[in-house]
Amino acid sequence: LSATPETPKEDGRPKWDNKFQYILSCIGFAVGLGNVWRFPYLCQIHGGGAFLIPYFIALLFEGIPLLHLELALGQCLRKGSIGAWNAISPYLGGVGVGSWMVSVLVSLYYNTVLTWVMWYFINSFQEPLPWSACPLNENRTGFNEECYESTAVNYFWYRKTLNITPDIAESGTFQWWLILCLAACWAIVYLCTIRGIETTGKAIYVTAIFPYLVLTIFLIQGLTLPGATEGLIYLFTPDLNTLKNPRVWLDAATQIFFSLSLAFGGLIAFASYNPTKNDCEKDAVTVAIVNSLTSLYASIPVFSVLGFKATTAYWDCLDRNIINIINEFDLPEESIMRQNYTSWISFLNSSYPEKIAGLKLKSCNLQEFLDQSVSGTGLAFIIFTQAIILMPGSQAWAILFFIMLFSLGLSSMFGNIEGVFTPLLELQIIPKSAPKELLSGIICLISFLIALCFTLGSGSYWIDIFDRYAASVPLLVIAFFEVIGVVYIYKIKRFSEDVEWMTGRKLNLFWQITWRFISPLLLLIVFTAFVTLQMQKPPSYTAWNPKYEGFPMKEEKVYPPWVQAICVLLAALPCVCVPLVALFHLVKQKRRSKDTSFGPPEVFSCQGINS
Amino acid sequence: MLRTLLLTLSVVAIAHAELCKPDAQNAFKVRISIKTALGDNAYAWDANEEYLFKAMVAFAMRRYSSKSTTQISNVLLCNVTDRVSFWFVVTDSSKNVTTVPGSEVEAAIRMNRNRINNAFLLSDKTLQFLKITSTLSPPVEPSTPVWLIVFGVVLCLILAGIVFLIVSGIQKHKKKNKESTERENLEEKVEVTLENGIPCEALDLKAGRVNGVFAADDERFTSL
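So the sequence lines, in the order shown, correspond to chains A and B. Letter by letter, the first sequence follows residues 1 to 611 in UniProt numbering. Letter by letter, the second sequence follows residues 1 to 224 in UniProt numbering.
For reference, chain A alone in the conformation it holds in the complex (with noise of 0.2 Å):
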């Protein structure tokens, strides 16, 4: 059933509808949900606008080269990451299964959190929201413990969709919503990617465009809020001191590199359906360059929102200090509002110090509610849903929100199907007359099955797990493999003959450059500086324990060795596949040299395809 297309190039590889695709599937797979919820968090710790000038020259000396280098090879070779770094040197094989290998392990666990996602979506057709109250405990005569004691937000995140555990050790049972979810999520991604680009070229459209839609609605949106402004402020006002920790550049330069989804392999797989002339430089510099963009668009209304939130908090410890003076003093009402709330309340200390501190008024300070800063689930999940309660029309933001949330994950999750689909078309894993549908089905239904456990009571604990190690350090050891492969093993002259040919002009000094020296240097340098700081203390995470006597706050717990073990283990296999393919092809080169002499291997060449 493969649809091999009506007009067959010459290797009857399928190729995209037009070049608006291309770049769209580009920008989606980069533009993901760490646009949304990492960047303005980093942007907000590292010092506001501050961070931009680490962010920039990260994108200008990382970012970019090695995109360009990536779009360049998919389009030159004209296969997967496999079937790539195989044609290059055999020895090198092993770059492309370490991408395929980090690729799948990705795909399981970034469902799961669209799977979150999906379940707030249908859970914000309800009317009131089901996070906006507390449920009420049996006897009905005062609210759930656990939520009184947190707040509503926290419990319907906690309790409601994750059920989770108080320590990783503890599996808890399978929370059989969440397995629907999983299931329709995986619908989803099968109903996209069903027959690889020429149905994902499709959904592309909608799911790459939406986001920018709701975006602009709450853009708009959030700058009509109240303290929208103070928040934008908050985010924006540069503080260039923080520019000499280093930490501030470490994290500028992981951010560009794990936005633009480099390593992956889903990269050169969407350009190796190009066709051969095609100028990758343009598009490379097109596609970081919205990425960026878009990273900073989406910042606003964030801030604008998170603004408002801290904003309507503040009201609230007022207001509520504000009630606790009336009654006391037997004042009217209104006769102290948010206005003149400091004067009355010196006079009040002046005359009557012992009532005003017994009442045990809580300071409330905008800048402490300002400081709270999350990222990554806690922002949309626990933040951004208790902002949007307080919005009229509380529904509908919702549904936007999730909705735009959901197309974000899921243009990102076609990249990365598309990393592991396309090697293992061209491996021919399912025979040739097979049809497409079968492979990308088996696809779907095995990571579905083994995603299962991540619906489990201790499921997001694993998610942070592969988050913080599948998809963090093999990325940079393979990304510094592909620089050094290309630069080096193919050598840099024959690239850059072949970029000619394919952009038409010659290959920028700049290029050059930075693939030889800045990148690759860069690159170690990150990665040595990341894994130094995840060296330096103990792994742990932080467990919601009702029974901790900090409740709410999370309580901080350290992985058990078995698990510390398995951590180890995501992060090393993908890296070990490098060495382990190159020794295995050398072993069995000096075993064929052994028996026969066969010629030096076919030197490739882009060229070569179509001369």
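Rather than coming from a laboratory, the hints here were simulated on the basis of the structure. A couple of the hints might just be wrong.
Said to hold, decoys possible - Covered stretches of chain B (chain A as the covering partner; in silico rule of three or more C-beta atoms under 8 Å from a C-beta of chain A):
no.	region
1	33–40
2	76–88
3	163–170
Source: prediction; values computed, not measured. A virtual CB, placed ideally from N, CA and C, is assigned to each residue, including glycine.
With the hints as your guide, set chain B onto chain A.
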């Protein structure tokens, strides 16, 4: 005559003052927040509102104990502040100068809380009886959770899409197979009729084909 009247009045007043004072036995503090509840439509708290309040409490006591002995005059209000907050007690007219036990008053108020709130256009939060906790109303829950319905809709759409794509793929494949077999048959037919560019019908297959290059007149057999 006047003196006895004055005397009884003063005794009653003193008795009332003793019965109704802050933190007295069986006394309850009430706190009302009219401006918070009604904003611009807020009414002023005056003696008429106090009268209505006494009437509502008397009504609650009557409904609760089902005996019609509680009068409006049995409800005593005192210490009204600007907040608006005050204390009240319910006296027992049958027994002399005593108050109805707090538990009874509490139960009566709780039973008729809704009616009392509505009389003043307020709610449990804006008309607070400080020692009487209100039973919280459970959230309205539909029989089938809404999310399950939405999930069903979403899943049906997805499955319909998948089935459509698979079926259209099968149809396209069948059509292509048919086309390619037709093309193959056409080529085979053409092949069958051609051999070395010469149609076979033109050849005389019975006797074989004599190649003129090699069959040169009489030299068919090698000479001895």
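Right, here's what the structure says about each hint:
no.: 1; hint: 33–40; verdict: holds (count 4)
no.: 2; hint: 76–88; verdict: holds (count 5)
no.: 3; hint: 163–170; verdict: holds (count 4)
Going down the numbered hints, you'll see the structure goes against none, and every one checks out.
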